[in-house]
Amino acid sequence: MKKKILPYLLLSPMILIMGVLVFYPIIATFSYSLKKWKLTAPNDIHMVGLRNYVSILNSDSFWYSFQNTLFILAVVVLLTTVLGFLTSIFLNIDVKWSGILLAVAMLPWALPPYVNGILWKFVFSSGYGFMNKTVIGLGLADKPIEWLSSRWSLLLIVSLVVTWRSIPFTALVCLAGRQSIPGGLYEAARIDGGNRRTIFRTITLPLMLPFLAIGITSTSVTAINVFDEIIALSGYSDLGKNILVESYMTTFSFLDFGKGSAVTYLVMLFAGILGIFYLRSLNKEVEY
Amino acid sequence: MKKKLISTLLILSMTAAMAAGCSGKESSGDSNTGGNGSASSDTTTSDDSTDGEGGSITFMAPDWAIPTDDQLKAFTDETGIEVTVNEVGWDDIRDKMVTAAAGGQAVADVVEVDWSWVGEFYAADWLEPLDVSDEVKADMPTLETFTKDGNVLAVPYANDYRLSYYNTKQYEDAEIKEEPQTWDEVYANCKTLKEKGVCEYPFALPLNAEEKTSTYLMWLAYTMNGIVFNDDGTLNKDSVLAALKYEEQLIKDELVDPADKTSSGMDAYKRILSGSANFLTGPTSFVSKSTNEEDCSVIGQITPILVPGKDAKATVTMALPEALGVTKFSENKDAAKKFIEWYTSAEMQEALNETNTAIPTLNSVLKKLIDDGKIQNAGAMMEQAELIASPFPGGVPAYYAEMSNTMYNAINKMALGEMTADEAYAEMEAKVAELAAE
Numbered sequence: 006m007k008k009k010i011l012p013y014l015l016l017s018p019m020i021l022i023m024g025v026l027v028f029y030p031i032i033a034t035f036s037y038s039l040k041k042w043k044l045t046a047p048n049d050i051h052m053v054g055l056r057n058y059v060s061i062l063n064s065d066s067f068w069y070s071f072q073n074t075l076f077i078l079a080v081v082v083l084l085t086t087v088l089g090f091l092t093s094i095f096l097n098i099d100v101k102w103s104g105i106l107l108a109v110a111m112l113p114w115a116l117p118p119y120v121n122g123i124l125w126k127f128v129f130s131s132g133y134g135f136m137n138k139t140v141i142g143l144g145l146a147d148k149p150i151e152w153l154s155s156r157w158s159l160l161l162i163v164s165l166v167v168t169w170r171s172i173p174f175t176a177l178v179c180l181a182g183r184q185s186i187p188g189g190l191y192e193a194a195r196i197d198g199g200n201r202r203t204i205f206r207t208i209t210l211p212l213m214l215p216f217l218a219i220g221i222t223s224t225s226v227t228a229i230n231v232f233d234e235i236i237a238l239s240g241y242s243d244l245g246k247n248i249l250v251e252s253y254m255t256t257f258s259f260l261d262f263g264k265g266s267a268v269t270y271l272v273m274l275f276a277g278i279l280g281i282f283y284l285r286s287l288n289k290e291v292e293y
Numbered sequence: 120m121k122k123k124l125i126s127t128l129l130i131l132s133m134t135a136a137m138a139a140g141c142s143g144k145e146s147s148g149d150s151n152t153g154g155n156g157s158a159s160s161d162t163t164t165s166d167d168s169t170d171g172e173g174g175s176i177t178f179m180a181p182d183w184a185i186p187t188d189d190q191l192k193a194f195t196d197e198t199g200i201e202v203t204v205n206e207v208g209w210d211d212i213r214d215k216m217v218t219a220a221a222g223g224q225a226v227a228d229v230v231e232v233d234w235s236w237v238g239e240f241y242a243a244d245w246l247e248p249l250d251v252s253d254e255v256k257a258d259m260p261t262l263e264t265f266t267k268d269g270n271v272l273a274v275p276y277a278n279d280y281r282l283s284y285y286n287t288k289q290y291e292d293a294e295i296k297e298e299p300q301t302w303d304e305v306y307a308n309c310k311t312l313k314e315k316g317v318c319e320y321p322f323a324l325p326l327n328a329e330e331k332t333s334t335y336l337m338w339l340a341y342t343m344n345g346i347v348f349n350d351d352g353t354l355n356k357d358s359v360l361a362a363l364k365y366e367e368q369l370i371k372d373e374l375v376d377p378a379d380k381t382s383s384g385m386d387a388y389k390r391i392l393s394g395s396a397n398f399l400t401g402p403t404s405f406v407s408k409s410t411n412e413e414d415c416s417v418i419g420q421i422t423p424i425l426v427p428g429k430d431a432k433a434t435v436t437m438a439l440p441e442a443l444g445v446t447k448f449s450e451n452k453d454a455a456k457k458f459i460e461w462y463t464s465a466e467m468q469e470a471l472n473e474t475n476t477a478i479p480t481l482n483s484v485l486k487k488l489i490d491d492g493k494i495q496n497a498g499a500m501m502e503q504a505e506l507i508a509s510p511f512p513g514g515v516p517a518y519y520a521e522m523s524n525t526m527y528n529a530i531n532k533m534a535l536g537e538m539t540a541d542e543a544y545a546e547m548e549a550k551v552a553e554l555a556a557e
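Residue numbers (the numbering used here), protein chains in the order written: chain A, 6 to 293; chain B, 120 to 557.
No false leads were slipped in.
Short, incomplete list of chain A residues facing chain B, as computed with Cβ under 10 Å:
1) T45
2) A46
3) S130
4) P149
5) S242
6) M254
7) T256
8) S258
Treat the hints as calculated values from the structure; they're not laboratory data. Virtual Cβ for every residue (Gly too), placed ideally from N, Cα, C.
Here chain A stands alone, though its shape is the one from the complex (with noise of 0.2 Å):
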């Protein structure tokens, strides 16, 4: 009978947590997403069943917002896998100064999203940045370039900036995973007659594979989440504003629960069916 309770005993502590700081909330947030609530009528909250869904569904501002995020996301997620993992390489490469490259790698980790955003809004301002001096003294233009006043290069830049913050800890991931795979088994395939395309294609990519899944999601909900570097690099804006942004807007600035809390639920389910995806076609069974 003891050994029966003894497990759920010690899981109550996070089941509670994950009750109270996830289940919880989520709940909430579906049914307020079904209300008409917006904090200006406080006299007029109701249910409206999943007409708030609809309006969002409808309309073009969210339509907007999901392509930059979409553009976001694949810039993203393509660049930093393929940084990242090219990184992970270079640091395993065993030399004196490794330890200080890794801490040195890992430093745009380190930095809070909006000081990464206003850090770049400095390279990127089109009166004195860095960037247009450096175009304007290599002669590359003759005046100021505006790099933040038109949509695709704005996404661009943003994606760029959440690439920078991103790649340390895909290559972190990537370089543990690459660290676990056995000598042994490189060594055996040298002996075999193995060249070093092959062995990285037969041995390293395929065993790297579910680190590489861990990376993916992980920058996936990252690139979908991006919200302080995009305020930073361009504000309020509907230039480059992405789900979050719409989701932040409509609730704390309109002041419309209701709404946004519809906004934010759908957020949650395109990271979450995302997130199933990779888990589900990138941690599979390998067989070497």
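Got chain A sorted already, so can you dock chain B onto it with the hints?
Coordinates of chain B only, in the frame set by chain A:
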């Protein structure tokens, strides 16, 4: 053994950290400071040793509104009320207020209330009506902005109304004899300044997607045509479209720095302080900035003048004041009201001008400071203060934030060349009409 020792040490250190986190002095007399107040950047108390005999209150405001320790001590000595100050960034105050009020909590007893928040705070029923004497009402024109249905919801402490500034030396260099009287003259003079190579981008105009861009359009239309909104809350087409076209022309003629499209509104304003812009209609704080060596590199060249109008100087100007209000959920309302009365009194306004460079909201105090020479280079400041009026016929609307968001995004798109003035107006008009109808 070693593992056990490490585990024990870790558990002990975590327990100690938790105990440290849970300890600390609890703010007395207010049940809310532990929640939202804890995120503030700084917390000071007028008297840390004892609770005031008259109770205690919490006061949430941005750095420029925080009185000195001596001033707070004087208040506590006089009333017995202890004040706990939560210094919070201006942008964060509204978010904290919204989060707390949505949960039926008071973020603080006395809070900062910006002019643009008053409509939604009133609609949400978050502010306690205040008693203000007729004498103060007559002497404080910006109070109108914070009055809804006859209820005073907050008392303004920092006066910020629109005043124009121009660089006189650049006018001399371009051989322009007179200060501009109308917006058409401003435009013509800016063209002359550019053509003569005196100033490349003479007009300082915020065009970024932010609040300052919306308010600029509002006061441009207001001073140009005397109207912005119709009585039903919709935009007045003739007036607003004319103002938008004026801005569009300035952009097309490259009289505005392209950087103003993406840099902050304050950066656009500040161009006049470096001489890279010639003309600005902006905050009253630029009166003191234009005489401060740390802020201004063209001291002695900038003169504050009355805002131009359509055929002569404008007969109105718009104010964007900041005020203090008492939250409806406060448990110390009487003490909070006493604090506001003290804070906005004539004596304190004079003192706060000296310690915090706050521009008084009582015209009598403003006049006294100008007459005494305590506000230098005042120019038309006093004269302009007497022309303050609100462009909102029914007060600031509850949907102001959403309306402003649509306005600044449309203006920004126009500035970036994605829309014409007519298209930008159509976008604004549709949204404002929809919001007003709701």
